[in-house]
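**Q** Below are the chains, spelled out letter by letter.
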Amino acid sequence: MKIVARNISKSFDGKTVLEDITLTIEKPGVYALVGPNGSGKTTLMRMLALLERIGSGTLKYKVRDTEGYASLNTTSGIRRRMALIHNPAVMFSGSVGYNIGYGLRVRGVSRTARTKKVSRVLEHLSLGGFENREAKTLSAGEIQRVALARALVIEPELIFLDEPTANLDPISAKLIEQTILELARRGKKVVLATHNLWQVERIADWVWFLNDGVISISGTAQDVLHKGDQAFWGKFLGRDNMFAGEIVDLENGKSFKAGNVSFEVATDITGPAMASLNPNEIILSAQKLVSSARNVMEGMITEAVSEGGLYKVTVDVGLPLAVAITKASWDEMGLQKGSKVYAVFKASSVRVWREE
Amino acid sequence: MFNLIQSMKQALGLLAKFDSEIWQIVLLSLRVSLASSLIAICLAVPLSFAITQNEFKGKRAVIGAVNSLIAVPAVVIGLVCYLLLSRSGPLGFWHLLYSPGAMIVAQSLLALPLMTGLCISALQSLGHRVRETMITLGAGRRHMMLGIMREVRFALVAAFITGFSRVLGETGMTMMVGGNIKGETRVMTTAIALETIKGNFELGIALGIVLLAVAVGINVILQLVQGRAGR
Numbered sequence: 001m002k003i004v005a006r007n008i009s010k011s012f013d014g015k016t017v018l019e020d021i022t023l024t025i026e027k028p029g030v031y032a033l034v035g036p037n038g039s040g041k042t043t044l045m046r047m048l049a050l051l052e053r054i055g056s057g058t059l060k061y062k063v064r065d066t067e068g069y070a071s072l073n074t075t076s077g078i079r080r081r082m083a084l085i086h087n088p089a090v091m092f093s094g095s096v097g098y099n100i101g102y103g104l105r106v107r108g109v110s111r112t113a114r115t116k117k118v119s120r121v122l123e124h125l126s127l128g129g130f131e132n133r134e135a136k137t138l139s140a141g142e143i144q145r146v147a148l149a150r151a152l153v154i155e156p157e158l159i160f161l162d163e164p165t166a167n168l169d170p171i172s173a174k175l176i177e178q179t180i181l182e183l184a185r186r187g188k189k190v191v192l193a194t195h196n197l198w199q200v201e202r203i204a205d206w207v208w209f210l211n212d213g214v215i216s217i218s219g220t221a222q223d224v225l226h227k228g229d230q231a232f233w234g235k236f237l238g239r240d241n242m243f244a245g246e247i248v249d250l251e252n253g254k255s256f257k258a259g260n261v262s263f264e265v266a267t268d269i270t271g272p273a274m275a276s277l278n279p280n281e282i283i284l285s286a287q288k289l290v291s292s293a294r295n296v297m298e299g300m301i302t303e304a305v306s307e308g309g310l311y312k313v314t315v316d317v318g319l320p321l322a323v324a325i326t327k328a329s330w331d332e333m334g335l336q337k338g339s340k341v342y343a344v345f346k347a348s349s350v351r352v353w354r355e356e
Numbered sequence: 001m002f003n004l005i006q007s008m009k010q011a012l013g014l015l016a017k018f019d020s021e022i023w024q025i026v027l028l029s030l031r032v033s034l035a036s037s038l039i040a041i042c043l044a045v046p047l048s049f050a051i052t053q054n055e056f057k058g059k060r061a062v063i064g065a066v067n068s069l070i071a072v073p074a075v076v077i078g079l080v081c082y083l084l085l086s087r088s089g090p091l092g093f094w095h096l097l098y099s100p101g102a103m104i105v106a107q108s109l110l111a112l113p114l115m116t117g118l119c120i121s122a123l124q125s126l127g128h129r130v131r132e133t134m135i136t137l138g139a140g141r142r143h144m145m146l147g148i149m150r151e152v153r154f155a156l157v158a159a160f161i162t163g164f165s166r167v168l169g170e171t172g173m174t175m176m177v178g179g180n181i182k183g184e185t186r187v188m189t190t191a192i193a194l195e196t197i198k199g200n201f202e203l204g205i206a207l208g209i210v211l212l213a214v215a216v217g218i219n220v221i222l223q224l225v226q227g228r229a230g231r
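Chains A and B are the protein sequences, given in the same order. Note that the first sequence ends on residue 356 in my numbering; no numbers are left out. Note that the second sequence ends on residue 231 in my numbering; no numbers are left out.
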């Protein structure tokens, strides 16, 4: 299935939320609609998923190569080739089995075939034995996985995911990302709306950056995220651990210096630069670790915010360093505000780029 | 005091010996109220769906009008029904006035806005995401309606029970269009009113006990249903 959007715009109560959007979804892969809150990415996704009418422009769906483009008034067949997953996903009252089997039931699939398919997809998403659990009593991570299972069981060609891993525990988030990648490998098209740049970096093939309802940047994830204006990304998306400084040569490597703080980096560039560090790639330890990681920085916890199954901890190492750790780790290590910790990360975990 | 105790004893006696007049009145009451509640819920459900599941100009005004109609006094509905169904009225050719049919029509009209209002609230509280999720999973109009009804089933049952208890306890309107004819249109409420005026307290009390028992029973069921809906 191919989607071609040409110059589509949309307004709500006279306020333009999307303007002149042109895009094509044809090849299998992971497409990311990236942008700050209110940029219009969810509205755009809903329009592509035929849940929202377009204001102006054209939106065409090509179902088979031999057929022409379908217009918007013949939506039912097209809809059945797509699925959209909200976050948080809505569970129907009843069991997990009922929820996952819903799409099959409306397609007239027999009970026996349904049961088989449901248990297969449950196993696949590490939800084996969940069939008879009351869906509404599940945890956020489980609900999101059940929603994914409910969409996958109908084998859509195109899957839309709105903030698929927001507020989820790390295990569920990882499982969902793995499933997305696997879907893309199996020839499906996955479109996700997200403002998680790290996730985009990990799984997206193509990126559209939406700002104020306009696609301001588009390209392969590699090009956009690594060759683009990184400061711009940081500014718009609130990327954690973005530091401005200078890269200096060491005897056997390079170091990034920002004020009195410096850490080793793996790069070819020298001079004024920006550095960023994924909060998930930093380890916190109570004692000084001896490891292959080049950077061990002593600091103090100044802030800890609970987000889903994670604690987002700020460690003052001379710079405010954001670190994501699980609640279990936080509890087991007996951490609290004011605790002295060591932040450990590899030189290769630091992304650096020349400051424009 | 003596009269009250005496009347209570006689009333219980009437109930215990299954007095045919009493049970005929009770059965007619239940039949008329059940029929009118069923008609009203059958209209209220599609009506509330049409109002909540579609976007149209004046939607809020329509919902406001439904809620306002809940407040219309029963006696006014009785008057309108009387005028419509009376021999010289536009629906006089139905020959329904002073028949259980007229009572059913009036009670249906009384229950309709109440049930529609409750169904609208239930559907609105469900939110649009359930509907959207069904659409994205490939549900057509029929499957979507059935699915949504399944989601709000306890609220729909609660709406039915609330409407039923409202019409079962209605007196003035039922008397106006039914006429309180013995053996024909006499129901619990109209009989209690009449027998009390006549001074036949035992019959009034006996019917009062049954009406109270039915009302309490309905309330218990309603609490149970609402308890399940809230879970």
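Read the hints as simulated data drawn from the structure, not as lab findings. It is possible that part of the hints are untrue.
[What the hints assert, rightly or not] Ranges of calculated distance between the beta carbons of each label pair, as one might list FRET restraints:
hint, chain 1, residue 1, chain 2, residue 2, range
1, A, R186, B, V62, 43 to 53 Å
2, B, G140, A, S9, 39 to 49 Å
3, A, S329, B, A50, 50 to 60 Å
4, B, A50, A, D223, 43 to 53 Å
[Said to hold, decoys possible] To give an idea of the chain B side of the interface with chain A (calculated C-beta under 7 Å), a few residues:
hint, residue
5, T133
6, L137
7, G138
8, H143
9, E151
These numbers come from a predicted model, not from an experiment. Ideal Cβ positions, reconstructed from N, Cα and C, are used throughout, including at glycine.
**Q** Is the interface hint satisfied for E151 (chain B)? The criterion is a beta-carbon contact with chain A at less than 7 Å.
**A** 6 Å, holds
**Q** That 43 to 53 Å hint for A50 (chain B) and D223 (chain A) (C-beta), does it hold up?
**A** 50 Å, holds
**Q** Tell me if T133 (chain B) is really an interface residue toward chain A, meaning its C-beta lies closer than 7 Å to one of theirs.
**A** 5 Å, holds
**Q** Quick one, is the G138 (chain B) hint okay against chain A at 7 Å, beta carbons?
**A** 4 Å, holds
**Q** Does H143 (chain B) pass the interface check with chain A, least Cβ-Cβ distance below 7 Å?
**A** 4 Å, holds
**Q** For the hint on L137 (chain B), does the least C-beta distance to chain A fall short of 7 Å?
**A** 4 Å, holds
**Q** Quick check: does the Cβ-Cβ distance between G140 (chain B) and S9 (chain A) fall within 39 to 49 Å?
**A** Once the Cβ atoms are compared, 30 Å apart, the range 39 to 49 Å for S9 (chain A) and G140 (chain B) is violated.
**Q** Is 50 to 60 Å a correct range for the gap between the Cβ atoms of S329 (chain A) and A50 (chain B)?
**A** 53 Å, holds
**Q** Can you tell me whether the CB distance of R186 (chain A) to V62 (chain B) sits inside 43 to 53 Å?
**A** 48 Å, holds
Violated hint for the displayed structure: number 2, the only one.
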